[in-house]
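Oh and the sequence shown: position 163 is 163 in full-length UniProt numbering, straight run, nothing missing.
Incorrect hints may have been included.
[To be verified] No farther apart than 25 Å at their CA atoms in a straight line, the calculated lysine to aspartate or glutamate pairs in the DMTMM-like style are these:
1) K47 to E195
2) K47 to D10
3) K47 to D190
4) K47 to E132
5) K47 to D68
6) K47 to E194
7) K47 to D134
8) K47 to D77
9) K47 to E135
[What the hints assert, rightly or not] Using C-beta positions, here's what the derived DEER-type ranges look like:
10) E187 to D46: 14 to 22 Å
11) V106 to T198: 38 to 46 Å
12) E132 to L214: 23 to 31 Å
13) G168 to L52: 38 to 46 Å
Keep in mind that the hints were calculated from the coordinates and are not lab data. Every residue, glycine too, gets a C-beta built ideally from N, C-alpha and C.
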Amino acid sequence: MTDHGIPRPDDAATRTEFWEGVHHSKDVDGVSWWQSVPGLSLGLVDKAGLGLDEPVIDVGAGWSTLVDHLVERGYRDLSAVDLSVTALQTVRDRLGPAGADVVLTVADVLDLRMGRQYALWHDRAVYHFLTEPDERADYLASLDRSLRPGGWLVVATFGPDGPTTCSGLPIVRYTHAELAAQFPGYELVDTAGEEHLTPWGTSQQFTAVLMRRL
Numbered sequence: 001m002t003d004h005g006i007p008r009p010d011d012a013a014t015r016t017e018f019w020e021g022v023h024h025s026k027d028v029d030g031v032s033w034w035q036s037v038p039g040l041s042l043g044l045v046d047k048a049g050l051g052l053d054e055p056v057i058d059v060g061a062g063w064s065t066l067v068d069h070l071v072e073r074g075y076r077d078l079s080a081v082d083l084s085v086t087a088l089q090t091v092r093d094r095l096g097p098a099g100a101d102v103v104l105t106v107a108d109v110l111d112l113r114m115g116r117q118y119a120l121w122h123d124r125a126v127y128h129f130l131t132e133p134d135e136r137a138d139y140l141a142s143l144d145r146s147l148r149p150g151g152w153l154v155v156a157t158f159g160p161d162g163p164t165t166c167s168g169l170p171i172v173r174y175t176h177a178e179l180a181a182q183f184p185g186y187e188l189v190d191t192a193g194e195e196h197l198t199p200w201g202t203s204q205q206f207t208a209v210l211m212r213r214l
């Protein structure tokens, strides 16, 4: 059960319903994860040293401004995936003509089949919602289908001193070492973290890793 007494979403249909409800019922600054500049993510993407034509995918993107900032930096092959139509329409409207070539796809990250492989997979705060081993296995299968050999992985979750729930759902907190250990076949290249300040002024500890597929 969630904090609000609602059954925890555990399949594609209920996950879609839950996250569509979150994005439909709240404003951008009404969710704890909102940030106008995703500095933690951008810093790790920079360390990957990608060419501007390399394909990048942001999974569980929601309202994230990551693609906006990458468009501004000149990246030309960007995709964002989320379960919420509302969230992605907000991103489309916000990007405007400058982001006309950004691919926005409504899909479940646990069964992601984009029909191509990417140079970098970015996830800020999807992975920590995966509290069950089968969910994490499905995520890894999607990742392995979607990321090319030698590709880069950026994943951020709540850190060991972060919240224990988000949007009423339980989460799993990770240290850098614990998070890196979740991805067999990937080499840890760098770690980072931040104390994210929510729109209402509370602090959330985030842990992030940069890894490379072997």
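Results for each hint:
Restraint check for K47 and E195: the C-alpha separation of about 20 Å stays at or below 25 Å, so the hint holds. Our distance criterion of 25 Å between C-alpha atoms is broken by K47 and D10, whose separation comes to about 35 Å. Distance restraint check for K47 and D190: the Cα-Cα separation of roughly 8 Å lies within the 25 Å cut-off, and the hinted pair is therefore satisfied. Simply put, K47 and E132 have alpha-carbon atoms about 31 Å apart, too far for the 25 Å limit, and the pair is violated.
About 18 Å separates the Cα atoms of K47 and D68, which keeps this hinted pair within 25 Å; it holds. A C-alpha spacing of about 16 Å is found between K47 and E194, which places the hinted pair at or below 25 Å, so the restraint holds. Distance check on the hinted pair: K47 and D134 sit about 31 Å apart at the alpha-carbon level, beyond 25 Å; violated. A threshold of 25 Å between alpha carbons decides the hint, and for K47 with D77 the separation of about 18 Å falls inside it, so the pair holds.
Restraint check: the Cα-Cα separation between K47 and E135 comes to about 29 Å, which exceeds 25 Å; the hinted pair is violated. One distance hint, 14 to 22 Å for the beta-carbon pair E187 and D46, holds here, with the actual separation near 18 Å. At roughly 26 Å, the beta carbons of V106 and T198 sit outside the given window of 38 to 46 Å. Roughly 26 Å separates the CB atoms of E132 and L214, a value that falls within the hinted 23 to 31 Å.
Here the CB-CB span from G168 to L52 is close to 39 Å, well matched to the stated 38 to 46 Å.
Of the numbered hints stated above, those contradicted by the structure are hints 2, 4, 7, 9 and 11, listed in ascending order.
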